[in-house]
Amino acid sequence: MAELFELRDVKKNYAGNTILNGISLSLLKKHIIAITGDSGVGKTTLLSIMGLLQQPSSGELFANGIAVNKLQLSEQAKLRGKYFGFVFQRARLIGSLSVLENVLVPARFAKTEDDVIKRAKFLLKKFGMSNRLNYKPQELSVGQLRRVSLARALLLRPSIILADEPTNDLDPSLAETVAEYFLQIRNDGMSVVIVTHDYALANRADQVFHLEHGQLSQITHA
Amino acid sequence: MAFLIWQSLLHRKLQNMAIVFSIAIGVGIVFCIIPIFSGVSKGMDLSRQRMGADIVVVPGNAVMEEPSLILFSGAPVNIYMPENITDTIRKIPGVSNATSQFFTHTLTADCCSVGDSIRLIGYDPSSDWIISPWLKSVRPDGLQSDEVIIGAKVQNIFGDKISILGQMFKIAAVLEETGTSMDYSILTNIDEARNLVTSNPQLKIALKDVGPTDKLISAVMVKTTEGANLENIVEKIQETGYVHPIVASEVKKHINDQFNLLLYLLGGTGILIVLLSIFQLFSRFYTLTWERQTEWGLYLALGAWARDIAVIVISEAICVVLAGVVIGLFAGGGLYWTGLQLLKAHQSFPFVNPSGIFFTILSLAMLVVFSCIGALAAWIPAYQGSHIEPSTIMTRGEFD
Ligand SMILES: Nc1ncnc2c1ncn2[C@@H]1O[C@H](COP(=O)(O)OP(=O)(O)OP(=O)(O)O)[C@@H](O)[C@H]1O
Ligand SMILES: [Mg+2]
Numbered sequence: 476m477a478e479l480f481e482l483r484d485v486k487k488n489y490a491g492n493t494i495l496n497g498i499s500l501s502l503l504k505k506h507i508i509a510i511t512g513d514s515g516v517g518k519t520t521l522l523s524i525m526g527l528l529q530q531p532s533s534g535e536l537f538a539n540g541i542a543v544n545k546l547q548l549s550e551q552a553k554l555r556g557k558y559f560g561f562v563f564q565r566a567r568l569i570g571s572l573s574v575l576e577n578v579l580v581p582a583r584f585a586k587t588e589d590d591v592i593k594r595a596k597f598l599l600k601k602f603g604m605s606n607r608l609n610y611k612p613q614e615l616s617v618g619q620l621r622r623v624s625l626a627r628a629l630l631l632r633p634s635i636i637l638a639d640e641p642t643n644d645l646d647p648s649l650a651e652t653v654a655e656y657f658l659q660i661r662n663d664g665m666s667v668v669i670v671t672h673d674y675a676l677a678n679r680a681d682q683v684f685h686l687e688h689g690q691l692s693q694i695t696h697a
Numbered sequence: 340m341a342f343l344i345w346q347s348l349l350h351r352k353l354q355n356m357a358i359v360f361s362i363a364i365g366v367g368i369v370f371c372i373i374p375i376f377s378g379v380s381k382g383m384d385l386s387r388q389r390m391g392a393d394i395v396v397v398p399g400n401a402v403m404e405e406p407s408l409i410l411f412s413g414a415p416v417n418i419y420m421p422e423n424i425t426d427t428i429r430k431i432p433g434v435s436n437a438t439s440q441f442f443t444h445t446l447t448a449d450c451c452s453v454g455d456s457i458r459l460i461g462y463d464p465s466s467d468w469i470i471s472p473w474l475k476s477v478r479p480d481g482l483q484s485d486e487v488i489i490g491a492k493v494q495n496i497f498g499d500k501i502s503i504l505g506q507m508f509k510i511a512a513v514l515e516e517t518g519t520s521m522d523y524s525i526l527t528n529i530d531e532a533r534n535l536v537t538s539n540p541q542l543k544i545a546l547k548d549v550g551p552t553d554k555l556i557s558a559v560m561v562k563t564t565e566g567a568n569l570e571n572i573v574e575k576i577q578e579t580g581y582v583h584p585i586v587a588s589e590v591k592k593h594i595n596d597q598f599n600l601l602l603y604l605l606g607g608t609g610i611l612i613v614l615l616s617i618f619q620l621f622s623r624f625y626t627l628t629w630e631r632q633t634e635w636g637l638y639l640a641l642g643a644w645a646r647d648i649a650v651i652v653i654s655e656a657i658c659v660v661l662a663g664v665v666i667g668l669f670a671g672g673g674l675y676w677t678g679l680q681l682l683k684a685h686q687s688f689p690f691v692n693p694s695g696i697f698f699t700i701l702s703l704a705m706l707v708v709f710s711c712i713g714a715l716a717a718w719i720p721a722y723q724g725s726h727i728e729p730s731t732i733m734t735r736g737e738f739d
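Chains as they are written, first to last, in our numbering: chain A, 476 to 697; chain B, 340 to 739.
Treat the hints as calculated values from the structure; they're not laboratory data.
Treat the hints with caution; some may be incorrect.
[Stated by the list, open to error] Estimated spans, in silico, between C-beta atoms of each pair:
| id | chain 1 | residue 1 | chain 2 | residue 2 | range |
| --- | --- | --- | --- | --- | --- |
| 1 | A | S549 | B | I610 | 38 to 44 Å |
| 2 | B | T699 | A | F597 | 49 to 55 Å |
| 3 | A | R483 | B | I727 | 21 to 27 Å |
| 4 | B | G695 | A | Q613 | 47 to 53 Å |
| 5 | A | S549 | B | F360 | 36 to 42 Å |
| 6 | B | I727 | A | G570 | 19 to 25 Å |
| 7 | A | R565 | B | Y603 | 53 to 59 Å |
| 8 | A | R565 | B | S622 | 27 to 33 Å |
| 9 | B | E630 | A | F597 | 30 to 36 Å |
[Stated by the list, open to error] A short, non-exhaustive set of chain A residues, derived as facing chain B with CB atoms under 10 Å:
| id | residue |
| --- | --- |
| 10 | Q529 |
| 11 | Q530 |
| 12 | L568 |
| 13 | F584 |
| 14 | A628 |
The beta-carbon is built from N, C-alpha and C at its ideal position, and this holds for glycine as well.
All chains, full assembly: derive it from the sequences and hints.
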């Protein structure tokens with residue numbers, strides 16, 4: 476199957492501390508990868524390097540065969556909008572915007588012909604948020620914020636969803652809905668990288684990796 | 340994107356209002372001070388040019404609280420001295436010319452402005468050198484006996500005619516604005532001015548103890564030769580009778596000093612306030628944008644380009660600045676107008692209204708300057724932010 480995204484020998488140090496020590500990973504189209512690991516091992520760091528939110532100390536990143544980490548920041552910004560949908564560990568919504576408007580933010584920077592409002596409402600309904608469309612982030616619970624940020628990441632059907640603990644703070648049935656939905660969006664051609672402690676979720680991925688001592692080791696093959 | 344900008348402005352209503360008002364105050368004060376500054380300095384220039392006499396001689400019994408009033412407002416009305424003084428003064432060595440003027444006034448509610456009486460200045464065309472040269476340029480054949488020259492601000496309801504003490508006169512010319520009480524005066528031939536007094540019973544009674552009107556004058560304008568000793572001349576003038584000579588150059592210097600001080604104060608305050616509001620504008624926008632780098636980082640993560648961030652940041656800043664400047668312009672305009680009324684209550688204040696073009700340019704300049712500063716102040720941190728890793732700025736400001 477086509478290789479969508481690839482990390483080659485990626486390393487990251489923070490002030491002499493090696494956090495990632497030679498990570499190589501390929502992400503295939505329509506695949507789900509789960510990454511587990513203890514707190515503070517560098518899972519979030521890895522995701523943000525993949526999403527071009529920060530530069531690795533060394534190593535290379537390829538998107539459709541292009542070495543993207545060599546691109547200029549402005550080029551990376553262009554790529555980011557098309558390629559990635561982020562679900563941050565902390566939900567990160569814009570305080571001045573309502574739930575629906577927050578979900579629509581990516582569409583404001585992208586030229587799209589889609590009926591994004593319809594899609595935003597659909598996604599919010601999917602995650603049980605349709606009765607909160609006009610709430611402000613300050614008026615939501617942590618789990619609700621996370622669901623809004625999930626909808627926002629999915630809005631433009633990006634090639635890759637990078638989800639940092641997407642089911643944290645969600646009750647089991649909602650977590651199940653999210654897991655189901657990730658499986659489902661593969662059919663739209665999307666791939667997903669999930670960082671999670673939730674083994675129920677991890678076990679539904681095509682591949683599961685464990686991050687320890689700056690290295691990834693694969694646990695199961697789908 | 341306009342939507343994001345608008346929402347964000349609304350979201351920080353209080354902060355933005357605070358900036359709007361601080362800009363408005365700065366702009367308002369500046370917009371009030373600069374025209375006053377300009378009006379006063381123009382008025383001073385004009386009155387310097389127009390005060391043609393080196394020494395003004397008025398009757399000795401004229402009560403003078405402030406000599407400048409005579410230069411800016413003319414001599415006291417209804418106090419007279421004999422006409423032959425002019426000839427005597429003319430013969431004093433160092434005096435190159437002397438001309439008589441005769442002052443009276445219209446009666447309240449007489450012609451033009453209801454309530455205020457208007458000063459009538461009769462000048463002597465045979466010896467005058469102050470009004471005549473100017474008149475010649477607009478009216479080569481001089482002033483006829485049924486004609487008057489009116490000050491720039493004399494209200495006239497009859498078009499090219501004016502009624503003074505019950506008689507109709509043709510308006511030969513309108514003086515340029517001087518910023519002094521000349522603007523509210525009417526100039527006629529000295530004989531005509533005297534006739535008006537004689538033919539008016541009320542005024543005639545007031546003059547009956549002084550002597551025959553046609554031999555009276557109110558002031559002598561004296562021109563000295565270049566480099567003449569003013570002190571000597573003043574002494575000689577005092578010897579001619581019960582008169583009071585006022586050395587214009589001294590008064591002018593005194594007034595200049597006073598107004599220069601005022602101008603320095605106005606100008607200094609204006610500059611300080613401009614600097615202050617610019618500084619404040621800059622620091623407000625700078626810190627505001629800096630605090631919001633997390634937001635810009637998030638926008639970058641969600642597909643915004645650095646350019647999008649710049650557009651958002653600059654538009655927000657400009658919206659706030661524009662609101663502030665517009666409010667400030669109205670407030671400053673009101674302040675200026677009120678201040679002007681106060682100044683005008685004292686007619687001895689030389690002031691020339693700045694033109695509409697002046698105000699337009701000033702308004703535009705303030706709009707442009709303040710918008711640029713606001714935009715720049717907001718853009719710098721946003722620019723810095725959008726040129727480092729999004730993950731870094733997304734977390735920046737969260738814990739510090
Ligand atoms: N900006 C930074 N500067 C220095 N060190 C950092 C920075 N960001 C992260 N680190 C360090 O990198 C390590 C990995 O952080 P990261 O957030 O990737 O962990 P994580 O695996 O996502 O943990 P968790 O499961 O708790 O979210 C941590 O030890 C952290 O202290
Ligand atoms: Mg993490």
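To see whether the hints hold, each was checked on the structure:
The beta-carbon spacing between S549/A and I610/B, approximately 41 Å, falls within the hinted interval of 38 to 44 Å. Roughly 54 Å separates the CB atoms of T699/B and F597/A, a value that falls within the hinted 49 to 55 Å. Distance hint check: the CB atoms of R483/A and I727/B are about 24 Å apart, consistent with the given range 21 to 27 Å. The given range of 47 to 53 Å is respected by G695/B and Q613/A, whose C-beta atoms sit roughly 49 Å from each other.
In this structure the supplied range 36 to 42 Å holds for S549/A paired with F360/B, their Cβ-Cβ distance being about 37 Å. Distance hint for I727/B and G570/A: a CB-CB separation of about 23 Å, consistent with the stated range 19 to 25 Å. Roughly 57 Å separates the CB atoms of R565/A and Y603/B, a value that falls within the hinted 53 to 59 Å. About 29 Å separates the C-beta atoms of R565/A and S622/B, a value consistent with the hinted range of 27 to 33 Å.
Between E630/B and F597/A the Cβ separation comes to about 35 Å, which falls inside the hinted range of 30 to 36 Å. Nearest Cβ of chain B to the Cβ of Q529/A: about 4 Å, under the 10 Å cut. The hint holds. The interface hint given for Q530/A is met, as the beta carbon of that residue sits about 6 Å from the closest beta carbon of chain B, less than 10 Å. The interface hint given for L568/A is met, as the beta carbon of that residue sits about 8 Å from the closest beta carbon of chain B, less than 10 Å.
The closest approach between the C-beta of F584/A and any C-beta of chain B is roughly 4 Å, which is under the 10 Å cut-off, so the hint is satisfied. For A628/A, the shortest C-beta to C-beta distance to chain B is roughly 9 Å, which falls under 10 Å, so the interface hint holds.
Hint violations for this structure: none, all hints satisfied.
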